[in-house]
Amino acid sequence: MVERTPFLNFFTHVILFVGFVLCIAPFVVVTIAASHNLKDVNDVPMSLLPGSDFWLNIKTAWTTADLGPKLLNSFIMAAGVAAGKVMISAFTAFSIVYFRYPGRTFIFWLIFVTLMLPLEVRIVPTYAVVANVLSPYQTILDLTGLSWLVEKVSGVQVSLSLGLLNSYSGLILPLIATATGTFLYRQFFLTVPDELTEAARMDGAGALRFFIDILLPLSRNNMAALGTIMFLWAWNQYLWPLLITTDQSHATAVTELKQLIPNVGGIPEWNIAMAGTLIVMLPPLIVVVAMQRWFVRGLIATEK
Amino acid sequence: MEKRVTFSSWTIGILFAVPQLLLIFTFFYWPAGQAVYWSLTLQQPWGGGNIWVGLDNFRSILSNADYWNSITASLVFAGISTGLAMFIALVLAALTDRQLAGSRFYRVVLIWPYGIAAPALAMAFRFILAPEAGFMAVVNQVWPGFWDPGLDGADAMASIIIAFSWKYVGYNFIFFLAAFQAIPRSLIEAAAMDGSGVMRRFRDIQFPLITPTIFFLLVINITESFQDSFGIVDIMTSGGPANATNLMVYKIYSDGFKGLDYSGAAAQSIILMLLIIVLTIFQFRFIERRVHYR
Chain A
0 MVERTPFLNF
10 FTHVILFVGF
20 VLCIAPFVVV
30 TIAASHNLKD
40 VNDVPMSLLP
50 GSDFWLNIKT
60 AWTTADLGPK
70 LLNSFIMAAG
80 VAAGKVMISA
90 FTAFSIVYFR
100 YPGRTFIFWL
110 IFVTLMLPLE
120 VRIVPTYAVV
130 ANVLSPYQTI
140 LDLTGLSWLV
150 EKVSGVQVSL
160 SLGLLNSYSG
170 LILPLIATAT
180 GTFLYRQFFL
190 TVPDELTEAA
200 RMDGAGALRF
210 FIDILLPLSR
220 NNMAALGTIM
230 FLWAWNQYLW
240 PLLITTDQSH
250 ATAVTELKQL
260 IPNVGGIPEW
270 NIAMAGTLIV
280 MLPPLIVVVA
290 MQRWFVRGLI
300 ATEK
Chain B
0 MEKRVTFSSW
10 TIGILFAVPQ
20 LLLIFTFFYW
30 PAGQAVYWSL
40 TLQQPWGGGN
50 IWVGLDNFRS
60 ILSNADYWNS
70 ITASLVFAGI
80 STGLAMFIAL
90 VLAALTDRQL
100 AGSRFYRVVL
110 IWPYGIAAPA
120 LAMAFRFILA
130 PEAGFMAVVN
140 QVWPGFWDPG
150 LDGADAMASI
160 IIAFSWKYVG
170 YNFIFFLAAF
180 QAIPRSLIEA
190 AAMDGSGVMR
200 RFRDIQFPLI
210 TPTIFFLLVI
220 NITESFQDSF
230 GIVDIMTSGG
240 PANATNLMVY
250 KIYSDGFKGL
260 DYSGAAAQSI
270 ILMLLIIVLT
280 IFQFRFIERR
290 VHYR
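Chains as they are written, first to last, in numbering that gives the first Met the number 0: chain A, 0 to 303; chain B, 0 to 293.
Just chain A, with the same shape it has in the complex:
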């Protein structure tokens, strides 16, 4: 760019090309392996020319791992998390930025702390809560003596119970319970000019109307970026769905991959496994390619 450096330019091209090959190779290998028959895929070395069994393998993988309903589950979970995050983070950021009620700073920190500890490190107790989401409230009632009081007065025994194992809410809600997104909105709301708020108030708009008619439309870019990131993040979740979907009907596509690991005995069916892998990795890849701009923007904005 600034000066002529033919030698360095040559190396730049070589290294970037090697990087490109390493980045793309797994995709290519998976696709080729998915097109071979059982014998060819286990050849050493495996032929890099595509075989002819691609659709057959895809079909076998699809039925073995029951991918149709599982992909639908994945989609519902990912869309639910994305939508929930986009809405709830907006609410919270609005509350933190635009109001001056006592305890606001405390709430801010309460939410900020959740960034520190990801779901993975507190899976065991979170699992117990999801098994009965009302258990925290039951315990509080018991400890404060309220349930005793209620039982004495009305004769009704208080036992709150609502299990969310094997349900979409169980999959989605705990994944929404973190602060990512709230800060994205907060940063953005802080850049919205005060004059706009003043003008809205002058015209008689209350908090609710200002939020719905002015703030939300202005946040469209943020919503797209956050939605993209959260969709991908939720789609790629593994440990959480694995734990709480003890029943096959709510399992997601990513957790179903495990069904496709070839058995130790016999000739490993790598072609089927790779076909399944291809199906599972395709939707997020399409989202990344189609939403590239929002993806990059959302990633950089949510993390900082």
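Think of the hints as simulated: they come from the structure by calculation, not from any bench. As the structure is a computational prediction, the values presented were derived from the model and not from experiment. Note that CB positions come from ideal geometry on N, CA and C, so glycine has one too. Some hints here could point you the wrong way.
Unchecked claim - Here are a few chain A residues that sit away from chain B, every Cβ distance over 12 Å (derived from the structure): (1) 51; (2) 152; (3) 220.
Unchecked claim - So the derived label-pair ranges between C-beta atoms look like this: (4) B:276 to A:266: 43 to 51 Å; (5) B:65 to A:36: 39 to 47 Å; (6) B:65 to A:153: 51 to 59 Å; (7) A:51 to B:219: 39 to 47 Å; (8) A:12 to B:75: 33 to 41 Å; (9) A:49 to B:211: 39 to 47 Å.
As the list claims (entries may be wrong) - Here chain A is said to cover these stretches of chain B; the calculated rule only asks that three of the stretch's residues, wherever they fall, bring their Cβ under 8 Å from a Cβ of chain A: (10) 49-62; (11) 92-104; (12) 126-138; (13) 204-213.
Put chain B on the given structure of chain A with help from the hints.
Here is chain B on its own, set in the frame of chain A:
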């Protein structure tokens, strides 16, 4: 920064915060508190009350060789994969930022790996690195017994490091490239006018200016290596062979849900939480000093 113009209705303001607060109370603070409670008591998985045991759970875990093995494996994994993923991404981003022909193309493709679910890419690498089929089989034909992640712990560790690094090169690339592009072009041109070459400019201008990003990515990569590794380990090695890849989150999962040792798993969770918090503080405290902030 604060808003000058706000709304006066407290009720509406608090109501807007309620959904989030309910969620984080139910799914974050309560479980976190429960983890602390469980780690200090001994609970029967099938009910029957808890017995207060103080720090006994921690003592029994910390005197367990398997647990120390798991910590060592996690640290080795975190160190090598973070170093690898960050170094490769830094080189690729620096070269892409030179904006030669084709750099737009690389900018698009090199971020793809980050979109892939860890278990899916683990499956791909399980095949690519399989000793009997795939590509390492070729190497094994030349040197029989050279590579077998199913038997050799070091090979298994290398496999999960390769899979994890591949994904996070894409992630780090996005941030490094953004950081390089944020450096004003005029700064680089001025340095070029003063007669500095490409390497010199990288060392004295670009590198110091992206240190905040390096610092930030270091923290993220290490914490992600604790969490996002679960899917990779579960699909590729299941913690084996002989616990060589039994990373901390995987061990919490297998002790808690397969072994039904809730108290032990809770104590391990607490230790992992502390480790992540300490790492974050350590990095803020000691690395931040050498970081050039704009």
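Hints, verified against the model:
Separation of residue 51 of chain A from chain B is adequate, the least Cβ-Cβ distance of about 19 Å exceeding the 12 Å criterion. Distance to chain B confirms residue 152 of chain A as a non-interface residue, since its nearest Cβ pair spans about 27 Å, more than 12 Å. The non-interface label for residue 220 of chain A is consistent with chain B: the shortest C-beta to C-beta separation is roughly 16 Å, beyond 12 Å. Against the hinted window of 43 to 51 Å, the Cβ-Cβ separation of residue 276 of chain B and residue 266 of chain A comes to about 48 Å, which satisfies the hint.
In this structure, residue 65 of chain B and residue 36 of chain A meet the distance hint of 39 to 47 Å, their C-beta atoms being roughly 43 Å apart. A hinted range of 51 to 59 Å for the beta carbons of residue 65 of chain B and residue 153 of chain A is consistent with their spacing of about 52 Å. Distance hint check for residue 51 of chain A and residue 219 of chain B: the Cβ-Cβ separation is about 44 Å, which falls inside the suggested range of 39 to 47 Å. Taken as a hint, the range 33 to 41 Å holds for the pair residue 12 of chain A and residue 75 of chain B, whose Cβ atoms sit roughly 35 Å apart.
At roughly 45 Å, the beta-carbon separation of residue 49 of chain A and residue 211 of chain B lies within the given 39 to 47 Å, and the hint holds. Residue count for the stretch 49-62 of chain B with a Cβ under 8 Å from a Cβ of chain A: 0. That is fewer than the three needed, and the coverage hint is violated. Look at the stretch 92-104 of chain B against chain A: 7 of its residues bring a Cβ nearer than 8 Å to a Cβ of that chain, three or more, so the hint holds. Given a C-beta distance limit of less than 8 Å, the hint that chain A covers the stretch 126-138 of chain B holds, as 9 residues qualify and 3 suffice.
Check on the stretch 204-213 of chain B: 0 of its residues sit with their Cβ under 8 Å from a Cβ of chain A, so the three-residue criterion for coverage is violated.
When each numbered hint is compared with the structure, violations occur for hints 10, 13.
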